[in-house]
Each structure stands twice: as structure tokens, then as C-alpha cells.
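Order-wise, the sequence lines are chains A and B. Here my numbering is used: the first residue of the first sequence is 101, the next is one more, and so on. Here my numbering is used: the first residue of the second sequence is 62, the next is one more, and so on.
Hints listed in this document are in silico derivations from the structure and should not be mistaken for laboratory results. It should be emphasised that the depicted structure is a prediction, and the values quoted were computed from it without experimental measurement. Glycine is no exception: its CB is placed at the ideal position from the N, C-alpha and C atoms. One should not assume that every hint holds.
[To be verified] Straight-line alpha carbon distances no greater than 20 Å define the calculated EDC-like cross-link-like pairs of lysine to aspartate or glutamate that follow: (1) A:203 to B:114; (2) A:122 to A:429; (3) A:180 to B:151; (4) A:124 to A:450; (5) A:180 to B:69; (6) A:180 to B:87.
[To be verified] Covered stretches of chain B, as calculated for chain A (at least 3 residues, CB under 8 Å): (7) 79–93; (8) 121–127; (9) 145–151.
[As the list claims (entries may be wrong)] Example chain B residues on the side facing chain A (calculated, C-beta under 10 Å, incomplete): (10) 72; (11) 74; (12) 76; (13) 115; (14) 116.
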Amino acid sequence: MSSVRVLVGTKKGAFVLTADGKRKNWDVSGPHFGGWEMYHLKGSPVDPNRVYASQTSGWFGQLIQRSNDGGKTWEPMNNKFVYDGIPGTHQWYDGTPHPWEFKRVWHLEPSLTDPDTVYAGVEDGALFRSTDGAQSWQEMSGLRKHGTGPRWQPGAGGLCLHTILLDPENPNRIYIAISAAGAFRTDDGGETWKPINRGLHSQYIPDPNAEVGHCVHHIAMHPSRPNVLFMQKHWDVMRSDNGGDTWQEVSGNLPTDFGFAIDVHAHEPETLYVVPIKSDSEHYPIDGKLQVHRSRSGGNEWEAMTKGLPQQNCYVNVLRDAMSVDSLDDCGVYFGTTGGQVYCSADAGDSWNPIVRDLPAVLSVEVQTLR
Amino acid sequence: MTSTVRIELPAHLRTLASVGREVVVELEGTATLRAAIDALEVRYPMLRGTIRDQVTHQRRPFLRFFACQEDLSHDSPETPLPDAIVQGKEPLIVLGAIAGG
């Protein structure tokens, strides 16, 4: 029988939530690494028991943990992230040059084909790869050195590389996104990169249509159509049908198009989910009503999904890596909040139930569908 | 010259290294702060990067080194440790700052 395992990273530890395919009765394990900020946990698609986790702390820095039994036990792996060559500078908030400094790993993306290969998106914006199960890390420095790097400027949360999308049809193609540099793509396995931000319009930067400098919050892709990308930008929900070469806005009738999380239904490539957030200065839902918005038309037309979600006095946020979907027949949708709730919809968003209500602030949610 | 130095770790690093409040390291030659942390990282490699940067060896800003009621944090890492530390009478304390939420 199928089951699901939800890997939850929070500000004070990691939690593993498991249930059978009905997704009604949940077992909660954790906290793992209690007291540490767990930015992201993700399992290998080819070996679901191989899970990688980013463990960080303002006191003790960055650690990488690896599990070979689905998150029951862990071992600390190599945590040495050294930029390739002389790192140079990017821009600081005030526009002055600032040396690249490794701060933390925001996102871990295991390879689609090899459980020992995993990518790490780090702050300050760079991409690292391990091909030995996180025993060593090498920077894929073609990204940082392709030319626009010295113009990258951090978003409010830092110069974080937070999104890594691996193309299931073309192993040489990888998409990444950085706040607030924008989206980038390689077509040669990471040797060379180019910005893919044409069509993005950001009024808060000096040139609203600049090649780089857009605060991309997250990008989602359906594996059956890796050329089609959906983006939640700082403001604006965007869509590309040509691998990021050009983007068009699909915010449509959303009550606000600011937000962080975005994801795609596991079986319907035109069904999207976002969580509208009031504004860049008020990071919570409008009027205290937590709503997931679903589009079944690839954007533009959105409907509010509210059944089971708090519709008064709710002022939580849903962060960029805190939404995920399972691939059971009735697609499950999951998201975690800064108020410590993790919600599950076992019916593609029609209705929601909290799995847990009182965790520390949720930083990331990833779901594994186990068969 | 060999010395046995006791090192007291903050709670999170004890958990990480699966050790108790104190660990003991053997040092060859002059017992300095650098030698003590070097030996600690050799014995407990999972602590690499948690106390000092792996490349520059700069102490992480929210950690301090205390010994014999003295703050050694700003001393040169090559400064010999106090006699009471070298003789094992007092521990070298790695202390986490009281900060954060």
C-alpha cells in the first residue's frame, strides 16, 4: 500500500510526518536536531530512504546531515563549502561591492538518477554539487562567474539560491533562482549559465526590465513538461512556456500576487497552487484569512481554497520552500506556516486538515510518495 | 612534551559529537588554543566548521573561549594555554553567546 512521508524543516528542528495513502492518521517523529534551524530536507527520487538535510545555526554554522533509512537515523556529512577560486564581489544592499561569503544552505536537490549526487543552493548565491553522497562539495562556479554576478544584490532574506529544478528529460538542463538576482539556466550540465528573466517586470529596481535583479521567490515545474515554468515573484505570478526564455504574467484575478510558495498538481500540469500574501511589507494573508489559490488553467483564473483553513485572525506566512505535492492518485497538497501548522489536502486542494498545529515556524515542506 | 587538555563544549556540540559535557584531547608540543581545537577537530571531525571557519580558522562570532576565569577569545591562537589548563586542573571552555530566540 502506498504511503507518504512529509519532511518538515523548522526554525527549531526537523520533523518527519508519515501516513498511509488515506492521509488521515499521522505519525509524527521529531524534533530531529532540536534547536537548530533546519532549512531544507529532501529525499532522493531513486532511493527514498536517502534523505539529505541542511542544518544551520547562527552560533555553529552549517552542517549537512544524511539519512539512509528515511530519516530515522542521521549522520553528519561534509560541511565544507568553499567558493571556487578568488570569489570576488557581489553588490551589497547599498550598491557597494561586497565579498562573497558562504552563510548557509537554503535548498538541497538530490539528483533524479543517482542517490549520491546532490545539489546545494547556498547563500551567498552559489550552486554546489556533491557526487559522493555529501562527503565533499564542489562549487559549480560557472553560474557565479558567467558575468552578471558582480551585479547581484541580496533580497531581504539574503543573497540566497533557493530553487533548483532538474530537467527530467534533459540531464544537461538545470534551472536555478536567486533572491534578488533572478532566474538562470544551464544547458550544458552547469558549465555555462544565462539569465532567464525576460518578461519579468519589477518596479522596485532601477530598471524594471533589467537582465538581472529580480526578486524571484520560487519556481515550480511539472516533470512531464519541463519547458513550462511557473514563478512566484516578489510581486507577480509568472509563466514561461519556453524554458524561461520569456515570461508572461498570469496573476489574473488573485486578490494579491505577492507570495512565496508555488507548486503544480502531480497529475495536472495546468493546475497550480499559490498562497497569496498581503504585501511585501505585511507578510500574512489578507484580512486574516488563510487561502490557497488554485488555477486549473495554468494561471490567470484562480479560485480560493478555504475549506478547513482558518478564516479569521490568521496572520502566518508560508515560505518559499514550504509547499509540496504527493503523487498519489488523488494528489495531496501540503504546506507549512510560520505559525507551526502543516496542512494537508488529500483532494487536490478542495479541503484541508492540519497534520500538526504547533511546530516551530516551518521553513520547508517536502513530500515523498512511497509505494 | 605531551599534555592532556579538558575541553567543555556547549550543549548543541555535545549532541552533535555524541559526547558528554567535557572531552579530553592529547596535545604534543606547546599547548596552544590552536593546538587544542586542531586536536578536537581531528578526534571529532563532525565539529569541523562549528567552532571556527574551516578555511580561515576564524572563531565563529557567537562563540568564545574561556579558561581560568579569563576570556581567551581575542588572544592569538598561538598563545600558550594557562598552566591550569595544560595540567588538566581546569577545562578550556567553548562557550556559546546568550543570544537569539
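Identify every previously stated hint that the structure contradicts and give their numbers, smallest first. 3, 5, 6, 7, 9
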